[in-house]
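Chains as they are written, first to last, in the numbering used here: chain A, 6 to 527; chain B, 6 to 527.
Accuracy of the hints is not assured; some may be wrong.
[As the list claims (entries may be wrong)] The list that follows gives simulated cross-link-like pairs (lysine-lysine, DSBU-like), each with its CA atoms no further than 30 Å apart:
| no. | chain 1 | residue 1 | chain 2 | residue 2 |
| --- | --- | --- | --- | --- |
| 1 | B | Lys451 | A | Lys249 |
| 2 | B | Lys77 | B | Lys241 |
| 3 | A | Lys77 | A | Lys63 |
| 4 | A | Lys241 | B | Lys415 |
| 5 | A | Lys465 | A | Lys298 |
| 6 | B | Lys77 | A | Lys415 |
| 7 | B | Lys241 | B | Lys231 |
| 8 | A | Lys415 | B | Lys249 |
| 9 | A | Lys444 | B | Lys241 |
| 10 | A | Lys509 | B | Lys465 |
| 11 | A | Lys447 | B | Lys509 |
Bear in mind the hints are in silico, worked out from the structure with no lab data behind them.
Below, each chain spelled out in residue letters.
There are 2 protein chains.
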Amino acid sequence: MKYINLTEASAFKALESSPQIGSKDLLTKERIQTCSVPSARGVTYNYAAMPVTEEILKHFQALSDELQLTEKYQILLDGAVMNTGEKRLVLHHLTRGQIGKNVVVDGENKGEFYKKELSKVRTFSKEVRSKTFLLSTGKPVAHVVQIGIGGSDLGPRALYLALKDWAETEGKEHIPASFISNVDPDDPSGILSALDAEETLFILVSKSGTTLETLTNQRFVEAWLKKRNPSIDPSKHVVAVTSKSSPLAKSSEVSKSFFIDDYVGGRYSSTSAVGGVILSIAFGFEVFEGLLKGAHEADKAALHPHVKENAALLDALIGVYLRNVLHYPTTAILPYSQGLSRFPAHLQQLDMESNGKQVNRDGMPVSYPTGPIIFGEPGTNGQHSFYQLLHQGTDIVPLQFIGFSESQRKDDIDVENSTSQDKLVANLVAQIVAFALGKDDKNPNKRFEGNRPSSLLHAKRLTPEVLGTLLAHYENKVMFQGFIWNLNSFDQEGVQLGKVLATKVLQGAEGDEILQAYRNLF
Amino acid sequence: MKYINLTEASAFKALESSPQIGSKDLLTKERIQTCSVPSARGVTYNYAAMPVTEEILKHFQALSDELQLTEKYQILLDGAVMNTGEKRLVLHHLTRGQIGKNVVVDGENKGEFYKKELSKVRTFSKEVRSKTFLLSTGKPVAHVVQIGIGGSDLGPRALYLALKDWAETEGKEHIPASFISNVDPDDPSGILSALDAEETLFILVSKSGTTLETLTNQRFVEAWLKKRNPSIDPSKHVVAVTSKSSPLAKSSEVSKSFFIDDYVGGRYSSTSAVGGVILSIAFGFEVFEGLLKGAHEADKAALHPHVKENAALLDALIGVYLRNVLHYPTTAILPYSQGLSRFPAHLQQLDMESNGKQVNRDGMPVSYPTGPIIFGEPGTNGQHSFYQLLHQGTDIVPLQFIGFSESQRKDDIDVENSTSQDKLVANLVAQIVAFALGKDDKNPNKRFEGNRPSSLLHAKRLTPEVLGTLLAHYENKVMFQGFIWNLNSFDQEGVQLGKVLATKVLQGAEGDEILQAYRNLF
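Could you put together the complete structure from these sequences and hints?
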């Protein structure tokens, strides 16, 4: 396999010198009808409003071929050590099904390992939901709380919120879930204040079993359980999701452990037990299984070698074009669905933690921009907020819209001959066109320049399968971009220094007068 | 008053050519101790880790003087037509107290007008909280829901979340509040599903009384009320916050109206009845009054002509320096307080909708970057997410930290000789220093370049007064930046085109095959 920096690729040089054309001059009815790439489960990526011509698509294909993007994905699936910095395999795809070869590490078939853990999730969630599993004072679980941070929090939280309304509408019995993440004591204190200790189960999620915030919040929760009812045995209220070798795995403080391993990075772990335990308890195992199916199918679709047939690959290449040829530093994620309210926060982590790097996979500095800054809020709210800058600001922000034909709750109202869902979709459509085409006006203050590039991911309805597809689409997009930029998208050395210095502050920061001076402000 | 574009200011030219120095070479114990500017209520702006020398501060002062920044603020307070595009006064400061001259428009003293509306808020909220006010089936209000979007939603929502834990801890009786904003039917449907119709009061907020999303959601709510209990009179469950001239003001569909006017822009309206009704009902009028006091004092502090004595002014100037001299296109807002979880979303709107403009206050195009892209999430969550890019990405993102000495809920735990609040502050302090100083390492993957500029707003505890100060600090910062960029920060023409096109789509988009083609994807 050939690993070169992006600027060494001859196809990239060709792409750079290819004629550029704005979406204003490019957008036609025909493009909207034809610039579509299916992922899975009806999820379709439409790039009609992206400044991408047939010629540029040819350069994309050449770049993809030259950099062996789908081949690299294939060897990743087959168990190559793609997390070069930490010398680890990258196996999150395997948590939703096997596509590549059998991956055996230290005599263990990893596909079987993840299946076994998944089966433990199935069994346990069924016990909890059927009230066979009882908490320490004999009560069934009425509320479940995940204690985790970063990848153990943002993904599962976004998915939980994305499925809550769907599950309710489909008549699934729902065990409400909450999430405690921040070391700020107001976070656990606020969440716990509304709960009944005797009926609450906690899922403690930390791969290493040493995450400061999470272990602190575990103590917080234990103290709360005992305070609420001294006869509670806290260990009976806590299960762990951790690695086999972590101190939590055999701790007497937890009643049960589900295992993950070092080959599934935190931000890629939503489809492992990290997301599985809480989602299966909240909605039923079959809902989580639906999510896995959608993700698995998207993973398979991402193997297609042709850029015009591979949504994740094309999305990745367009993103690199926007970043490295057109020099746009940011991207906004704009879901037109209330269920996806926290999906941008998950994608922000996924993307910025994976590709916000300045060294390549061999640890050598790169000379070109890598991962962009990602932000977003649900439409139509954003329209009444930061869209002003997107339309008329001095900087161009590429946009990724997400939309659905149907609402999740199917509870709607007709006002002036259209439903709210109609209005939502009308707004989404209007924004894409407004951003692309703009509008001239004699008054410069009412002028819209257009040429604001956007893409659209759309599907019929936000179901578990569709959500899984969306999740995997973005994971695979980020992976392909990491390959293009020649990065290791699977480590996060950038979070280490802060941890070290925080510990130093807690120990008094002796000899470090700068840390001390800041500490003394508080 | 002199209105010139930034690049015409001689002090800006001097600033541009002033020697630059990174925070890595600048940060000392002495700077941390001395680079502090008080706003109000103990809120202090610390800029020690900003790449700002004494010489640069002199240029800031010269620029502020040349552009008459505090004088412009003074005439704004005194009732000048600062919203030039819409030919309107800008009076949001007056909603929290009078600083400037009496402002009389069409024979009405506006200070008296806002006071009268505030007094109506006081009376009504007391009636609601004392259960004197009863809903249509004779029940008191047990839940209050704001229906509004953009400025009628993000600010009040952020403030509600920021005060909830404080109010509970201080023993204030709490009437829970929710917010419906999105035209996505899943938004109202999901919120309403958990509520008791007979005990819920709605606050319909639309200045014009014509906001599509809000009126649609009003119908949604009315239908829900009737469906839940046909004997409910919906009009008795809805009060309005609107302008006197709007169709809502005298509508028989609402039982009561609180007035705002065209001189308070949506994103600046949290301290008017837009935020006042819901916050006063939820927590008590005196809590909202505390917020107003804090904001009023920050407004007064922002009049100081010396940049080293005026936190909002200095914050604004530093932001312009980062944007127009150092060319950083984004800024992250990082509150180390769970209560401020949605404060970044409010500031995103406030900043990007106010200054995301490419024409100046006279409607002429400007040739320099204006408002940056704003995003953020609470720490310590962000540390385990997008901080990777902030530390080691290829782009520099200036940072604004917010932190407090004490937690809101005062419910804490000691683990390994430190409380969670200690850990939170330690992390905050550690991050500032890690971003500024970085760390060298033989392994480039473990290297932190440093020179990531940040500022810190800190206070003792997040109380209503402190929150009001923070709110006003940012409003005034954005206002000063608008003056510096010579913008009108008080209109939002950029939101219009989308509205027009959305209406067209809803009407079938005849003759517009591009709109139709997009609509047909759904």
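*Between Lys447(A) and Lys509(B), is the straight-line Cα distance small enough, at 30 Å or below?*
Given that 30 Å is the threshold and the Cα spacing comes to 22 Å, the pair holds.
_Tell me if the straight-line CA distance from Lys77(B) to Lys241(B) falls inside 30 Å._
Distance ~44 Å between Lys77(B) and Lys241(B) Cα, so the pair is violated.
Would you check the hint for Lys444(A) and Lys241(B), treating anything up to 30 Å between C-alpha atoms as holding? Between Lys444(A) and Lys241(B) the Cα gap is close to 43 Å, so the pair fails against 30 Å, i.e. violated.
Taking only the CA atoms, is the gap from Lys415(A) to Lys249(B) under or equal to 30 Å? 36 Å, violated
Just to be careful, I want the Cα atoms of Lys465(A) and Lys298(A) compared with a cutoff of 30 Å; is the pair within it? 17 Å, holds
Check your understanding: Lys77(A) and Lys63(A): Cα distance at most 30 Å?
Key -> Holds: Lys77(A) and Lys63(A) sit about 20 Å apart, inside 30 Å.
| said: For a C-alpha distance cap of 30 Å, please report whether Lys509(A) and Lys465(B) respect it. | reply: 23 Å, holds
message: Lys77(B) and Lys415(A) were given as a pair; does the straight-line alpha-carbon distance stay at or below 30 Å?
response: 51 Å, violated
Checking one constraint from the list: CA of Lys241(B) to CA of Lys231(B), max 30 Å. Satisfied? 12 Å, holds
Problem - Pairwise hint evaluation, Lys415(B) against Lys241(A), where the allowed Cα distance is 30 Å at most - result: 27 Å, holds
Exercise. Can the restraint linking Lys451(B) and Lys249(A) be considered satisfied, given a maximum Cα separation of 30 Å?
Worked result: Satisfied, since the Cα-Cα distance of roughly 27 Å is no more than 30 Å.
The structure does not agree with the numbered hints 2, 6, 8 and 9 stated previously, though it agrees with the rest.
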